[in-house]
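Q: Following the hints, complete the assembly by docking chain F onto the known chain A.
So the chains spell out like this:
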Amino acid sequence: MWIKLIGCLLVIISSAWTGFSLAERYNKRPREIRQLIACIASLGSHIYYVSLPLAEALERASQIAEGPVRELFQQTALHIHTTGWLSAGQAFQKALGETSEKLALNKPEQEILLVLAAILGTVDQSEQQKQLELAMNELEKVHKEAIAARDQNVKMYRYLGVCVGLATAILLI
Amino acid sequence: MISEINWEQTVFAFLAPKLAQILRACSVNLLNQTMELRIRTDRPLELITLSGSQFITVGGKETCSKGTAYHCCRGDLEQTLQLISRNSLYAFEEELKMGFLTITGGHRIGLAGQAILQNGQIKALKNISSLNFRLARAIKNAANLVLPYVIIPGTGQVYNTLIISPPRCGKTTLLRDLTRQLSNGIPELSFPGVQVGLVDERSEIAACRDGIPTADLGPRIDVLDGCPKAEGLLMLIRSMGPDVVVTDELGRQNDVNALHEALHAGVKVIASVHGQNVCDINSRPYICELISHKYFDRYIILNKRPVIGSVSEIISAKTNEVLYSQEIGVKVCG
Numbered sequence: 000m001w002i003k004l005i006g007c008l009l010v011i012i013s014s015a016w017t018g019f020s021l022a023e024r025y026n027k028r029p030r031e032i033r034q035l036i037a038c039i040a041s042l043g044s045h046i047y048y049v050s051l052p053l054a055e056a057l058e059r060a061s062q063i064a065e066g067p068v069r070e071l072f073q074q075t076a077l078h079i080h081t082t083g084w085l086s087a088g089q090a091f092q093k094a095l096g097e098t099s100e101k102l103a104l105n106k107p108e109q110e111i112l113l114v115l116a117a118i119l120g121t122v123d124q125s126e127q128q129k130q131l132e133l134a135m136n137e138l139e140k141v142h143k144e145a146i147a148a149r150d151q152n153v154k155m156y157r158y159l160g161v162c163v164g165l166a167t168a169i170l171l172i
Numbered sequence: 000m001i002s003e004i005n006w007e008q009t010v011f012a013f014l015a016p017k018l019a020q021i022l023r024a025c026s027v028n029l030l031n032q033t034m035e036l037r038i039r040t041d042r043p044l045e046l047i048t049l050s051g052s053q054f055i056t057v058g059g060k061e062t063c064s065k066g067t068a069y070h071c072c073r074g075d076l077e078q079t080l081q082l083i084s085r086n087s088l089y090a091f092e093e094e095l096k097m098g099f100l101t102i103t104g105g106h107r108i109g110l111a112g113q114a115i116l117q118n119g120q121i122k123a124l125k126n127i128s129s130l131n132f133r134l135a136r137a138i139k140n141a142a143n144l145v146l147p148y149v150i151i152p153g154t155g156q157v158y159n160t161l162i163i164s165p166p167r168c169g170k171t172t173l174l175r176d177l178t179r180q181l182s183n184g185i186p187e188l189s190f191p192g193v194q195v196g197l198v199d200e201r202s203e204i205a206a207c208r209d210g211i212p213t214a215d216l217g218p219r220i221d222v223l224d225g226c227p228k229a230e231g232l233l234m235l236i237r238s239m240g241p242d243v244v245v246t247d248e249l250g251r252q253n254d255v256n257a258l259h260e261a262l263h264a265g266v267k268v269i270a271s272v273h274g275q276n277v278c279d280i281n282s283r284p285y286i287c288e289l290i291s292h293k294y295f296d297r298y299i300i301l302n303k304r305p306v307i308g309s310v311s312e313i314i315s316a317k318t319n320e321v322l323y324s325q326e327i328g329v330k331v332c333g
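Chains as they are written, first to last, in numbering that gives the first Met the number 0: chain A, 0 to 172; chain F, 0 to 333.
Next up, chain A with everything else stripped away, as it sits in the complex (with noise of 0.2 Å):
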């Protein structure tokens, strides 16, 4: 019986904590958005107003954002600085590639971030301008989505996540 009852306990704390991580990935989202919408305004004005080089620009933009997203503009920096040669499209692919699990960026946000670090650095300061700019308001229109589904998703999720452990839980009783 107590083996039941400790099996039954442990059913629903898995199912509920898999629905908390579901429930937190879609809270994470629209605060890394947001977190990337600054980092791009403000690596805009490193290059736009102080002409900074790349790596320093975004290494100087990554300190006003925290966690992932600071480690994906860190990372982007370290490998344009240590592989110069690399060009800032494929230093961002591969830095990606690296924080990818942490971050709870979803695809078209990526595509935007890829898109835009396609062309950082090929291009003069004004058409670099228009490129953050188009970026951010694209973000822009990622965001509102992502707080829409954290809205609909995020509580969702958690009873989710506890009803299907109890359920389970009951079945196996």
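FYI, nobody ran anything at the bench for these hints, they're computed from the structure.
Hints should not be assumed to be uniformly reliable.
Pairs of lysine to any residue residues, derived as SDA-like cross-links and limited to a Cα-Cα distance of at most 20 Å, are as follows [said to hold, decoys possible]:
(1) F:Lys293 / F:Arg251
(2) A:Lys140 / A:Asn152
(3) F:Lys122 / A:Gln124
(4) F:Lys122 / A:Gln130
(5) F:Lys125 / A:Leu85
(6) F:Lys17 / A:His80
(7) F:Lys96 / A:Glu126
(8) F:Lys60 / F:Asn31
(9) A:Lys106 / A:Ser20
(10) F:Lys122 / A:Asp123
(11) A:Lys106 / A:Pro29
(12) F:Lys96 / A:Ser125
(13) F:Lys96 / F:Ser128
(14) F:Lys17 / A:Gln89
(15) F:Lys60 / F:Arg23
(16) F:Lys125 / A:Val122
(17) F:Lys125 / A:Gln124
(18) F:Lys122 / A:Ser50
(19) A:Lys27 / A:Val153
(20) F:Lys125 / A:Glu126
(21) F:Lys122 / A:Ile118
(22) F:Lys17 / A:Leu85
(23) A:Lys154 / A:Asn26
(24) A:Lys27 / A:Gln151
(25) F:Lys96 / A:Tyr47
(26) A:Lys3 / A:Thr167
(27) F:Lys122 / A:Ser125
(28) F:Lys60 / F:Trp6
A: Relative to the frame of chain A, chain F by itself:
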């Protein structure tokens, strides 16, 4: 004393990995004689040495045959350009318009490709197909011969001096060493160091990296890097209060006007200009004013004979007296 080039940090670090690997295999003797490195898409890798042009094989050997030389590919140029521009072409817009940029060590890299025009003006270069690394070598004490003619004895001041020289005759080398010695002070000539302001529009004299000079220019130096000469001269005078301002390659109307202002502000000026001799300068627009208004006290004329950087003549501008003539055959720099 010719200072050796730090190839690893100032040249190889800016080359595509394949090109750096080939040049690392070259003999030290060949590298020491190299003045230019030319990289062209689908053309042989070429070094210009004191003895002429040499193609380079994959193994780093010299060859005269185009067939056996390493042919640079588009990727080599793209990667080299990424390294030179630090992945940031936007930071070098003005340099790209002029067709060259300067890297650590003061080496000037010339670029050729397809021009993009906007309203008839060059906006940028695309499809860069040729790169020319013109290697700069600092020569310590290159200015020893001219210093006694530039310094006013016993006053701690210098004459307004114009260096006249054809391209690649050592005027930047001479200016760099003059700057260093004036900033350091010269005990042998009882000359205490003076505050020197340097407007280094092309980053060639001070070879600044992130605004900090990498060339030895002494302790009393303030560098305005990458700034147009005309604005820079007046900015430096207003902001840093130098005793002497130094600048390279005068040529435009604005430069002449700024020089006029600087001289009236009581600051001494040492500058250089492209030309064969004083008569040659006299026939050129704007710059002729420098001669006709006798803005300078000394003209130093350089040439390539017998070697690059030889002083041909030193003339007192006010009296037209020849203070030094090459007949003595003294080598100054190079």
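Q: Look at each hint and say if it fits the structure.
A: Here's how the hints hold up against the structure:
1. F:Lys293 / F:Arg251: 17 Å, holds
2. A:Lys140 / A:Asn152: Given pair A:Lys140, A:Asn152 holds - Cα atoms ~18 Å apart, limit 20 Å.
3. F:Lys122 / A:Gln124: Judged against 20 Å, a Cα distance of about 12 Å means the pair holds.
4. F:Lys122 / A:Gln130: Within the cut-off at roughly 18 Å; holds.
5. F:Lys125 / A:Leu85: Holds: F:Lys125 and A:Leu85 sit about 18 Å apart, inside 20 Å.
6. F:Lys17 / A:His80: Measuring from Cα to Cα gives roughly 18 Å; hence the hint holds.
7. F:Lys96 / A:Glu126: 16 Å, holds
8. F:Lys60 / F:Asn31: 14 Å, holds
9. A:Lys106 / A:Ser20: 19 Å, holds
10. F:Lys122 / A:Asp123: 9 Å, holds
11. A:Lys106 / A:Pro29: Holds, at about 14 Å.
12. F:Lys96 / A:Ser125: With Cα atoms ~15 Å apart, F:Lys96 and A:Ser125 stay inside 20 Å; holds.
13. F:Lys96 / F:Ser128: Given pair F:Lys96, F:Ser128 holds - Cα atoms ~15 Å apart, limit 20 Å.
14. F:Lys17 / A:Gln89: 19 Å, holds
15. F:Lys60 / F:Arg23: 11 Å, holds
16. F:Lys125 / A:Val122: 10 Å, holds
17. F:Lys125 / A:Gln124: Holds, because 15 Å separates the two Cα atoms, which is no more than 20 Å.
18. F:Lys122 / A:Ser50: Holds: F:Lys122 and A:Ser50 sit about 17 Å apart, inside 20 Å.
19. A:Lys27 / A:Val153: Satisfied, since the Cα-Cα distance of roughly 11 Å is no more than 20 Å.
20. F:Lys125 / A:Glu126: Satisfied, since the Cα-Cα distance of roughly 15 Å is no more than 20 Å.
21. F:Lys122 / A:Ile118: 18 Å, holds
22. F:Lys17 / A:Leu85: Since the Cα atoms of F:Lys17 and A:Leu85 sit roughly 14 Å apart, the hinted pair holds (cutoff 20 Å).
23. A:Lys154 / A:Asn26: 10 Å, holds
24. A:Lys27 / A:Gln151: At roughly 14 Å apart (the allowed maximum being 20 Å), A:Gln151 and A:Lys27 satisfy the hint.
25. F:Lys96 / A:Tyr47: 18 Å, holds
26. A:Lys3 / A:Thr167: Distance of about 12 Å is within 20 Å: holds.
27. F:Lys122 / A:Ser125: 12 Å, holds
28. F:Lys60 / F:Trp6: 17 Å, holds
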